[in-house]
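Trainee: Please model the entire structure based on the sequences and the hints provided.
Chains as they are written, first to last, in our numbering: chain V, 1 to 235; chain C, 236 to 340.
Simulated from the structure, these hints should not be mistaken for lab results.
Beta carbons are placed, not taken as given, at the ideal position from N, Cα and C, and that holds for glycine.
Fair warning: there could be bad hints in the mix.
Said to hold, decoys possible - Partner residues are not named here, just some residues of chain V that face chain C (Cβ under 8 Å, in silico): (1) 14; (2) 18; (3) 34; (4) 52; (5) 53; (6) 56; (7) 71; (8) 79; (9) 101; (10) 108; (11) 163; (12) 169; (13) 214.
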Amino acid sequence: MDLFTSNLVFYVFAAIAIVFSLMVVFMKNPVSSAMAMAISFGAVAGVMFQLGAHFMGIIQILVYSGAVMVLFMFIIMLLNVKAEKSPLRRPMPVITAMVIAGVFFGQLLGIIYSLPGASDECNSCCPFSQVSEAIVDLDITETPTGEEITLTEISLAEPANSIINLPEINPQAAAEQYPEGSKIREELASGEFPDTALVGYAVFTKYNYVLILAGIALLVATIGAVVLCRRHTAK
Amino acid sequence: MVTLTQYLILSGILFSIGLVGVIVRRDIIVIFMCLEMMLSAANLSLVAFSRAQGQNGLPNYDGQVMSLFIITIAAAEVAIGLALIVALYRAKRTINTKDLDTLKD
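Mentor: What follows is the structure in structure tokens.
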């Protein structure tokens, strides 16, 4: 099995990400927090590599562990931030935060396990299969606009498609979707997986205008940062 | 085989840790770091969905493009946020959220 896509990689990087994220929250010194943060982002990038999203993993490392962390370090050293008391010394806020985050995480788990195919018990209560049951149970025969409903046409009785198992990446099967004679198509047909080119294809065709907007947002942010940091000379 | 559920749970755990950090810490820079951690957790779940919704042997690239734009906006947000923190420090000589209570009065 390919090392990059093995389960072990996921579990190792997931453990590193969780441990170093906890260190970010509970370290006294902001500099060590920032260092732990960089490693945590790197581990998230590792999980992305394991998912087959190589370009996003590289961007995660370059932008987050690279640029953003360096900015944070600059500001920490520029402002001469002192180490604060360990958050564990003040148990009340920690307990409150744990409860709030725990409730949030519980709700999130509820949503995750109601995804189609996530668990056998929830297949009966998941919204996809409920529609047909509701139609049968409530004996609905027509839509609000007056059209007849026939269950054979809807055929929602069959179980919803499971989206839990990740489909295998198979570049050769996808080659036909891309224009004839293009380099992406050639590479896909030869069995390579040109992830960056595929992201670029999506960005520069379907999301062209959004890309321009993102560029404008970055420009505005740069100008804003300069304006905010300017010293006011009273005149 | 690692399933989509596990990726989403990992992303949820990272997001919750970020939430704890935002509530617990008093240092505005560390609060900001925890916000970045929450954004990155959201990115992870988008990438996982992009893989899970894939068709014809390729991931669905809509999810990855969305997370690319999230990273772009996050970078812009970091620049603005840190500029605000520097301006705040100049005005107040502190970055502890305990001391920033002018609007309370």
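Trainee: Any of the earlier hints contradicted here, and which numbers?
Mentor: none
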